[in-house]
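Going down the list, the protein sequences come from chains P and U. Sequence positions in the first sequence follow the working numbering and run 1 to 301. Sequence positions in the second sequence follow the working numbering and run 1 to 291.
Incorrect hints may have been included.
[Claimed, not checked] No farther apart than 27 angstroms at their CA atoms in a straight line, the calculated lysine-lysine pairs in the DSSO-like style are these:
no., chain 1, residue 1, chain 2, residue 2
1, P, K295, U, K117
2, U, K117, P, K220
3, U, K145, P, K49
4, U, K234, U, K145
5, U, K197, P, K291
6, U, K19, P, K205
7, U, K145, P, K104
8, U, K68, U, K234
9, P, K220, P, K153
If you're looking for bench data, these hints aren't it; they were derived computationally from the structure.
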Amino acid sequence: MQSRNIDKRFSDFAAPIMLAPYGVLFIVFIAVPVLIAIILSFTYFNTVKSPELVGLDNYVAILTQDEVFLKYVLPNTIKFSIMVGPVGYILQFLLAWALAQIPKTARTIFALIFYSPSMTSGVAMAVIWKVIFSGDQFGYINNLLLSMNLIEKPIQWLQSPEYLMNIMIIVTLWGSMGIGFLAMLGGILNIDPELYEAAYIDGVKNRFQEIIYITIPSVKPQMMFGAVMAIVNTFSTGAIGVQLTDSNPTPQYSGQLMLNHIEDYGFLRYDMGYAAALSTLLLLLIYCFSKLANKLFASKD
Amino acid sequence: MRYQGTKINPTRYDRSQLKFFIILSVLGVFMVLPIIYIISTAFKPMEELFAYPPRFFVRKPTFDNFRKLFEVVQSSGIPLSRYIFNSIMSSLTMVLTSVVISSMAAYILSKKKFRTKNLLFEINTLALMFVPAAVQIPRYLIIEKLGLIDTFAALVLPLLAMPVNVFLIKQFIDQVPNSLIESAYMDGANDFFVLFKIVMPIIMPALVTVAILAFQTSWNTPDPSSYYINDDAKKTFAFFMSAITTRISGNTVQGQGIASAASLILFIPNIVIYIIMQNKVINTMAYSGIK
Numbered sequence: 001m002q003s004r005n006i007d008k009r010f011s012d013f014a015a016p017i018m019l020a021p022y023g024v025l026f027i028v029f030i031a032v033p034v035l036i037a038i039i040l041s042f043t044y045f046n047t048v049k050s051p052e053l054v055g056l057d058n059y060v061a062i063l064t065q066d067e068v069f070l071k072y073v074l075p076n077t078i079k080f081s082i083m084v085g086p087v088g089y090i091l092q093f094l095l096a097w098a099l100a101q102i103p104k105t106a107r108t109i110f111a112l113i114f115y116s117p118s119m120t121s122g123v124a125m126a127v128i129w130k131v132i133f134s135g136d137q138f139g140y141i142n143n144l145l146l147s148m149n150l151i152e153k154p155i156q157w158l159q160s161p162e163y164l165m166n167i168m169i170i171v172t173l174w175g176s177m178g179i180g181f182l183a184m185l186g187g188i189l190n191i192d193p194e195l196y197e198a199a200y201i202d203g204v205k206n207r208f209q210e211i212i213y214i215t216i217p218s219v220k221p222q223m224m225f226g227a228v229m230a231i232v233n234t235f236s237t238g239a240i241g242v243q244l245t246d247s248n249p250t251p252q253y254s255g256q257l258m259l260n261h262i263e264d265y266g267f268l269r270y271d272m273g274y275a276a277a278l279s280t281l282l283l284l285l286i287y288c289f290s291k292l293a294n295k296l297f298a299s300k301d
Numbered sequence: 001m002r003y004q005g006t007k008i009n010p011t012r013y014d015r016s017q018l019k020f021f022i023i024l025s026v027l028g029v030f031m032v033l034p035i036i037y038i039i040s041t042a043f044k045p046m047e048e049l050f051a052y053p054p055r056f057f058v059r060k061p062t063f064d065n066f067r068k069l070f071e072v073v074q075s076s077g078i079p080l081s082r083y084i085f086n087s088i089m090s091s092l093t094m095v096l097t098s099v100v101i102s103s104m105a106a107y108i109l110s111k112k113k114f115r116t117k118n119l120l121f122e123i124n125t126l127a128l129m130f131v132p133a134a135v136q137i138p139r140y141l142i143i144e145k146l147g148l149i150d151t152f153a154a155l156v157l158p159l160l161a162m163p164v165n166v167f168l169i170k171q172f173i174d175q176v177p178n179s180l181i182e183s184a185y186m187d188g189a190n191d192f193f194v195l196f197k198i199v200m201p202i203i204m205p206a207l208v209t210v211a212i213l214a215f216q217t218s219w220n221t222p223d224p225s226s227y228y229i230n231d232d233a234k235k236t237f238a239f240f241m242s243a244i245t246t247r248i249s250g251n252t253v254q255g256q257g258i259a260s261a262a263s264l265i266l267f268i269p270n271i272v273i274y275i276i277m278q279n280k281v282i283n284t285m286a287y288s289g290i291k
């Protein structure tokens with residue numbers, strides 16, 4: 001419902017006062033940091049001497065000389081993002097849809113189960129996953145596989161490059177049913193039931209058609225919100241590899257993501273300009289993905 | 001009997017729902033096992049932690065791990081209650097302040113008319129994508145320049161501006177009829193009165209949701225403590241939690257009991273608040289759409 005705006009005459013002095021606290025905090029802790037990151041990305045800055053302008057050097061170095069970035073970080077980030085982003089997102093939608101098909105009491109319980117992992121904090125959970133995937137016979141997965149005679153000796157899950165990335169993806173997917181998932185659930189539950197009845201009269205024959213012609217068009221705005229949340233979640237949970245292996249860089253860079261690379265340069269090597277250039281690239285990447293999602297879900301009006 | 005199968009949000013159980021129950025149960029078990037594992041491990045006595053083969057469920061539950069957790073903290077000179085007190089204080093400040101400033105901003109962006117209004121809301125929507133971790137370094141520089149290092153404000157201020165909160169509240173205030181607000185103006189009310197006495201009670205579900213999000217943001221994150229606070233006595237429980245898990249990681253089996261006890265303390269407030277408020281949360285999220 002698009003509403004008419006209230007007459008301007010009434011107490012307009014309040015507007016700036018009410019907007020100011022949020023506005024100031026937004027500028028100081030969101031807008032300015034992004035701006036500083038962009039400016040620093042064009043400098044060499046080692047935190048001791050003041051920043052020195054170097055033009056596009058950092059970006060050129062990232063894209064041409066940074067072997068770790070090109071060989072590991074970028075492919076890892078892409079693989080991780082695709083699995084956690086689109087795949088995780090589709091999973092969220094299907095789960096929300098399936099939840100809408102069952103009665104309320106059962107739905108409430110299942111929603112709680114799916115949502116609760118996202119309320120656990122990353123560090124706390126890393127401890128648990130470390131035990132579950134522990135490299136000796138005390139690890140639950142190893143113990144299970146040993147007792148079923150599927151393997152002969154324990155597997156070093158977290159220290160092996162071939163497993164680490166997949167474990168990171170599973171752990172992140174596990175904790176990804178957050179507010180984006182709840183948004184889609186809320187949206188699907190809010191669809192007018194008459195739409196479905198009308199659709200069946202108009203010749204919709206099965207659940208699949210129902211999803212395509214009714215459900216998705218009706219919850220597009222919530223799906224867009226869910227997509228933005230999924231994208232942010234994907235790029236901000238990069239710390240998981242370091243938490244699982246206790247080392248930055250991760251073994252043979254197998255779990256190295258953009259955020260770890262930024263930390264590596266920013267907090268371990270104190271090359272702030274280079275780290276800022278990586279941050280800027282990351283924000284740009286997130287922006288591009290969101291624009292893409294926007295193209296997919298934009299309501300046509 | 002009426003066919004309920006193709007209906008979303010059915011009122012009762014029907015055999016056609018069985019396939020959904022099966023799929024959801026299988027996934028649900030995978031999702032819930034790690035959570036049950038934390039609870040179970042937190043109450044395991046030492047011999048069960050070392051047991052081989054490892055057992056998933058606790059046999060003889062004890063509070064040993066919680067006691068050891070208190071001792072570990074005590075030995076560092078700062079009592080656990082201090083960390084928890086810091087967490088509660090910063091989370092409460094965060095929740096109250098964030099709800100008030102987000103509501104005020106959302107009210108203006110929803111009900112006032114000025115030229116840059118749409119632009120401001122679009123900037124806010126764009127900022128939904130903001131990843132704080134990506135600009136950790138500039139944020140540190142700003143906190144330092146403002147002289148906030150080692151202050152209570154550093155625990156709260158950097159987290160306060162949550163674009164998602166303003167976004168959700170604005171979507172709700174949009175639904176409040178203008179006639180209601182206009183008639184309040186006629187009676188001589190000002191904008192603060194209108195917002196706090198008329199609009200906010202109507203949009204309670206949205207405020208509850210936003211409060212939960214603000215609480216989780218503040219309660220779960222170790223970041224402000226680890227980046228902006230040097231004085232141990234001013235750090236939060238989430239930070240202590242991440243510090244203890246790093247410290248004991250060399251000795252996983254022995255430490256996992258203590259770590260689980262700590263994660264449980266960290267996790268319980270989140271889940272209790274969500275369970276109490278869950279109906280309001282899902283209703284609010286229905287209005288979260290980005291158009």
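**Item:** Hints that the structure is at odds with (numbers, increasing)
**Value:** Violated: hints 5, 7 and 9.
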